[in-house]
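Asker: For chain L, the structure is supplied; the task is to place chains B and U on it using the hints.
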Amino acid sequence: METDIIIRFIEILGTFAFAISGIRHASSKHFDWFGGYVCGVAVAIGGGTIRDLLISTTPFWMTDPVYLICTAVALCFVILFRRWLEPLNNTWFVFDTLGLALFNIAGIQKSLEFGQPIWVAIVMGCITGSAGGVIRDVLLNNEPVIFQREIYAMACILGGVAYWLLLTWNVPLTLTAALAFLITCAIRFLSVRYKISLPTLHD
Amino acid sequence: METDIIIRFIEILGTFAFAISGIRHASSKHFDWFGGYVCGVAVAIGGGTIRDLLISTTPFWMTDPVYLICTAVALCFVILFRRWLEPLNNTWFVFDTLGLALFNIAGIQKSLEFGQPIWVAIVMGCITGSAGGVIRDVLLNNEPVIFQREIYAMACILGGVAYWLLLTWNVPLTLTAALAFLITCAIRFLSVRYKISLPTLHD
Amino acid sequence: METDIIIRFIEILGTFAFAISGIRHASSKHFDWFGGYVCGVAVAIGGGTIRDLLISTTPFWMTDPVYLICTAVALCFVILFRRWLEPLNNTWFVFDTLGLALFNIAGIQKSLEFGQPIWVAIVMGCITGSAGGVIRDVLLNNEPVIFQREIYAMACILGGVAYWLLLTWNVPLTLTAALAFLITCAIRFLSVRYKISLPTLHD
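In the order they appear, the protein sequences are chains L, B and U. Heads up: the first sequence begins at 1 in the working numbering, then just goes up one per residue. Heads up: the second sequence begins at 1001 in the working numbering, then just goes up one per residue. Heads up: the third sequence begins at 2001 in the working numbering, then just goes up one per residue.
The hints are simulated quantities; they were obtained by calculation from the structure and are not laboratory data. All figures in this text were calculated on a predicted structure; none of them were measured in a lab. Some hints here could point you the wrong way.
[Unchecked claim] In silico lysine-lysine, DSBU-like type, Cα no more than 30 Å apart, as pairs: (1) 2195(U) with 2029(U); (2) 29(L) with 2110(U); (3) 1029(B) with 29(L); (4) 2195(U) with 1029(B); (5) 2029(U) with 195(L); (6) 1029(B) with 2029(U); (7) 2029(U) with 1110(B); (8) 1195(B) with 29(L); (9) 1029(B) with 1195(B); (10) 2110(U) with 110(L); (11) 1110(B) with 110(L); (12) 29(L) with 195(L).
[What the hints assert, rightly or not] Computed spacing ranges between beta-carbons, pair by pair: (13) 1087(B) with 202(L): 45 to 53 Å; (14) 1174(B) with 149(L): 53 to 61 Å; (15) 63(L) with 2118(U): 34 to 42 Å; (16) 2193(U) with 1090(B): 46 to 54 Å; (17) 2199(U) with 149(L): 36 to 44 Å.
Backbone N, C-alpha and C define an ideal beta-carbon position, used for all residues, glycine too.
Isolated chain L, as found in the complex (with noise of 0.2 Å):
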């Protein structure tokens, strides 16, 4: 019952932290605000639609307002307070790997209940938690940032198979999830505090 507030205290959090991210990368291109609230939104929710779209499910926003109110209410928080979010910028970053993270093991977790085996479920999370960013990128004609800086994606599929040891080694779910929460969020930590990344691709 706690734990089920907890978590939906996290997504709730993660998705207004999503959100915000996609409408201030619309405010730099002088979108309108619309064009900020389908950019904010295609952050919160790109990820989980695709997910569900090759799941063959139902997409999770269609049967519970919350998500796009709340990615209503990130827009208006942007218009309003637009000169309180670069300070906040920590606070946007903790809530975004928050975020992250939660959405990675929920997307692994509703993949394993559709049946998906655990290798589909560990993309499907990785798909989950990152796939909004890219989607964002696209609408403003950028170049996706999650293929060129920062252990983004890599840190949800670490914390994906994390996941699949615990689960080989019989650790009950719970605790499962929450370590494997808790190490998508220490990847990604990590990587920012000591500016881990990727090797690049040359021609």
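Answerer: Then chains B and U, alone, in the frame of chain L:
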């Protein structure tokens, strides 16, 4: 019966106008005929395809070849009568707006028939009417115009809200659809006539 | 039995060549390893995934890990043997064309098995063969090359029309598939050899 013919007529007109829009944009990037056809198809059927995937049904254009044929006719038209396109800009604008409004209402009604709640149906109407233009801009490597200028997608949303209110007031279904169609058209026409647009986001 | 082995062999070759194409394009934008992998995956499985979503079935790569593994091997290959890639351009071109033709025919046959009419199946064959390259170009923030140069998607369409005609003439299924495969290959090879391309649109 007569209503069916009118609806079919507007649908063909709208598909034709949407396809022309995609092909003309492709021309400005010097795409070849195939590229032009794909951009035309993207605008004409892109929005409805996304809607159908989201509400879990077979995309509408896969059950009736008229949409692909209509786009092929539009391609021939652009190739043969290139010089006539510019002076007809007002005509395209009228056709495009009729198409937008019809696709909006059709998207709302189809979603309701598939058991979606009204707020999802309104979003689906907006996607049906305006997502095709976004796909076109993504394929052409442009920033989506509907995120920056003019009331386009918002006309769908407002027409959809009108649909919702009229339903709530127990207005008969045909009248509801007709009024919401006219409201969508009117908002688009008036916003262009009086150069009304949404505020822009700043960073 | 032997046919199955040949088909599987061409499928792996084609997937490998498609993945190499995505990863090389990603290299030219200095994406990191993860970005390269995603671009490789996009080309290798993107078209088939769109086809499977449109005909309402689980994407093929989610039931067999060979496609993701094949892309991982391609990534290692590009990283380790970067200098060998350029001199092998003709080899990649041959593999890529074999892959294009096979994915085209496979897309047509799968769509027919799922009860689609032949004109939809031809479109699906074309999507299976060529949509992956479009996704790659969208992710890389380039204008899609297949909309501008060379006969690529049109080779699929013409191979598909050949398949249709052969079916109508009651040619046995295996022979129909083999001939349509060869016709797709031949059109692509000849169009590159003799620099044949579609006319360009002008504004």
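Asker: If a hint holds in the structure, say so; if it does not, say that too.
Answerer: Verification of the hints:
1. 2195(U) with 2029(U): holds, 27 Å
2. 29(L) with 2110(U): violated, 42 Å
3. 1029(B) with 29(L): Holds. Residue 1029(B) to residue 29(L) sits at ~22 Å (cutoff 30 Å).
4. 2195(U) with 1029(B): Measuring from Cα to Cα gives roughly 21 Å; hence the hint holds.
5. 2029(U) with 195(L): The hint holds at about 21 Å.
6. 1029(B) with 2029(U): Measuring from Cα to Cα gives roughly 22 Å; hence the hint holds.
7. 2029(U) with 1110(B): Roughly 42 Å between the alpha carbons, so the hint for residue 2029(U) and residue 1110(B) is violated.
8. 1195(B) with 29(L): holds, 21 Å
9. 1029(B) with 1195(B): Measuring from Cα to Cα gives roughly 27 Å; hence the hint holds.
10. 2110(U) with 110(L): holds, 28 Å
11. 1110(B) with 110(L): holds, 28 Å
12. 29(L) with 195(L): OK: residue 29(L) and residue 195(L) at ~27 Å, within 30 Å.
13. 1087(B) with 202(L): 45 to 53 Å: The hinted range 45 to 53 Å holds for residue 1087(B) and residue 202(L), with Cβ atoms some 52 Å apart.
14. 1174(B) with 149(L): 53 to 61 Å: With Cβ atoms ~55 Å apart, the hint holds.
15. 63(L) with 2118(U): 34 to 42 Å: holds, 37 Å
16. 2193(U) with 1090(B): 46 to 54 Å: holds, 47 Å
17. 2199(U) with 149(L): 36 to 44 Å: holds, 41 Å
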